[in-house]
Amino acid sequence: MGAKEKTKMSNIPSELKYSKSHEWVKVEGEIATIGITDHAQEELGDVVYVELPEPGRMLALDDIFGTVESVKAVSELYSPLSGEVVESNSALSGSEAALNDDPYQAAWLIKVRVKDTAELDALLTAEGYKAEIGE
Amino acid sequence: MLQWAEMSEALRRTPLYDAHVAAGARIVPFAGWEMPVQYAGVVAEVKATREFVGIFDVSHMGRAYVVGEDAKKFFETLTPNDVSKLGNFQGQYSLLCNPNGGIIDDIIVYRVKQTEFLVIFNAGNREKDLAWLRKNLTGFDATLADRSDETCLIAVQGPKAIELLGESVAALPRFGLGSTTFGGVPVTAARTGYTGEDGAELICNLAEAPKLWGALVAAGAAACGLGARDALRIEAGLSLYGHEMDESVNPYAARLGWVVKLNKPADFVGKAALTALKTSEQNRLVGVTLPGRGIPRENYPIFADAGTESVGVVTSGTFSPTLQKGVAMARVPASLAKVGTPLQVEIRGQRHDAHVAPLPFYKNV
Numbered sequence: 003m004g005a006k007e008k009t010k011m012s013n014i015p016s017e018l019k020y021s022k023s024h025e026w027v028k029v030e031g032e033i034a035t036i037g038i039t040d041h042a043q044e045e046l047g048d049v050v051y052v053e054l055p056e057p058g059r060m061l062a063l064d065d066i067f068g069t070v071e072s073v074k075a076v077s078e079l080y081s082p083l084s085g086e087v088v089e090s091n092s093a094l095s096g097s098e099a100a101l102n103d104d105p106y107q108a109a110w111l112i113k114v115r116v117k118d119t120a121e122l123d124a125l126l127t128a129e130g131y132k133a134e135i136g137e
Numbered sequence: 339m340l341q342w343a344e345m346s347e348a349l350r351r352t353p354l355y356d357a358h359v360a361a362g363a364r365i366v367p368f369a370g371w372e373m374p375v376q377y378a379g380v381v382a383e384v385k386a387t388r389e390f391v392g393i394f395d396v397s398h399m400g401r402a403y404v405v406g407e408d409a410k411k412f413f414e415t416l417t418p419n420d421v422s423k424l425g426n427f428q429g430q431y432s433l434l435c436n437p438n439g440g441i442i443d444d445i446i447v448y449r450v451k452q453t454e455f456l457v458i459f460n461a462g463n464r465e466k467d468l469a470w471l472r473k474n475l476t477g478f479d480a481t482l483a484d485r486s487d488e489t490c491l492i493a494v495q496g497p498k499a500i501e502l503l504g505e506s507v508a509a510l511p512r513f514g515l516g517s518t519t520f521g522g523v524p525v526t527a528a529r530t531g532y533t534g535e536d537g538a539e540l541i542c543n544l545a546e547a548p549k550l551w552g553a554l555v556a557a558g559a560a561a562c563g564l565g566a567r568d569a570l571r572i573e574a575g576l577s578l579y580g581h582e583m584d585e586s587v588n589p590y591a592a593r594l595g596w597v598v599k600l601n602k603p604a605d606f607v608g609k610a611a612l613t614a615l616k617t618s619e620q621n622r623l624v625g626v627t628l629p630g631r632g633i634p635r636e637n638y639p640i641f642a643d644a645g646t647e648s649v650g651v652v653t654s655g656t657f658s659p660t661l662q663k664g665v666a667m668a669r670v671p672a673s674l675a676k677v678g679t680p681l682q683v684e685i686r687g688q689r690h691d692a693h694v695a696p697l698p699f700y701k702n703v
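Residue numbers (the numbering used here), protein chains in the order written: chain A, 3 to 137; chain B, 339 to 703.
No lab work stands behind these hints, which were simulated from the structure alone.
Glycine included, every Cβ here is placed at the ideal spot set by N, Cα and C.
Hints may be right or wrong, so weigh each one.
Covered by chain A, per the in silico footprint, the following chain B stretches (three or more residues, Cβ under 8 angstroms) [claimed, not checked]: (1) 561-571; (2) 631-641; (3) 653-662.
So that you can see chain A by itself, here it is in the shape it has in the complex (with noise of 0.2 angstroms):
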């Protein structure tokens, strides 16, 4: 990972859903792929350790549901919507630093199968997400 400069602008996709807690949530049919936001993982800096849950576990809104470790910060993980976890990145063991690297692709952290598809109305567009982080 190179240097990144304060004044460079978070990668905010249009396609995704945002909450306040700097996940992301993307939908494909019942299941919500979520992971943390470009914007997160600058903040944290360097990742070293991730927690996640087992596949499952039922997740209600705003649960928490992981934790994010930086060399110096820890950051607790806010499930954006209610369901049931299918499956956690299990890649991301020993890989951590791929959250710093790919937060949108390669570095998602939970697939939960939605139970509320209301919610997902709740959640910010990329957006709001924008104004929300002051970009």
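Chain A is fixed; fit chain B onto it per the hints.
Using the frame of chain A, we list chain B on its own:
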């Protein structure tokens, strides 16, 4: 944003602030200053310092001179280490202790000559230390001059730091003080540091600080922030004021008993208390590592194996970029301080197996 604007007005900046911002550093408030916490990233900066040279703006630290006939006598009676052992242009790690033996600050004392001493202290303790020095100067034929804001202080650290700084710095003994120039800038160099690597801290005038910083970067040194500095000092088992020590902690409980020279000729502040503390039951500061993947952090509770009550606490912890695992310093009862003793660290409600490990975790000087 308004809140930040208001806050930043009260925060101070070193003369290198613009250079930090221009280099893409992330700036955070620290001990009343706006300081760079990272540039390229903590991992890259730690690696640069362990493998080549890292540079750190530490201009926020306090620097004061005590000058006069009694300068030496003043430090003999104020500090627990033995300044009578110092020749001209030599320094030593030391402490300011209160009469109860509690640590007011950790400092470095340099003897420039018998009638002139330089003391370097923590940024967060500037006002407290200056007040303590002034108060204790009563009755001594010496004066205190706070020169903290008149110079810049840049730490140059790493296995190639001395080579990069040149022969006159290479000729200095550890904790030696000397003069040289770098990049055309005259500097006072002190062969010391806070990373577990060889290196020096350079004092230069305010106006030329950006030029010196730029010359160091041009020579291949990596600009490093407070994040890397903290990870490096924890790897090196070096204590930080407010974490491993404070006024409620005495040197014996902070792995700093070696600083206290009870047998030196001069009586000194805290001697009676420290004499009693030396042989009393103490908590100990130890290294702790986890074989698993958890990262111990400050204030995480420590348990004796299978115990239900916490017996200690993590004072500083981090992921060690050099060792690629969680490392910590922790305060535990003396009975649990032996290397290898099994412990458990509670991380977000879950106990993780750990054990007492030798300090430092890493050292290359």
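Now the hints, each set against the structure:
1. Look at the segment 561-571 of chain B against chain A: 3 of its residues bring a Cβ nearer than 8 angstroms to a Cβ of that chain, three or more, so the hint holds.
2. A stretch counts as covered by a chain when three or more of its residues have a beta carbon under 8 angstroms from one of that chain; for the segment 631-641 of chain B and chain A the count is 4, and the coverage holds.
3. Counting residues of the segment 653-662 of chain B whose C-beta lies closer than 8 angstroms to any C-beta of chain A gives 3; at least three are required, and the coverage claim holds.
No hint from the list above goes unmet by this structure.
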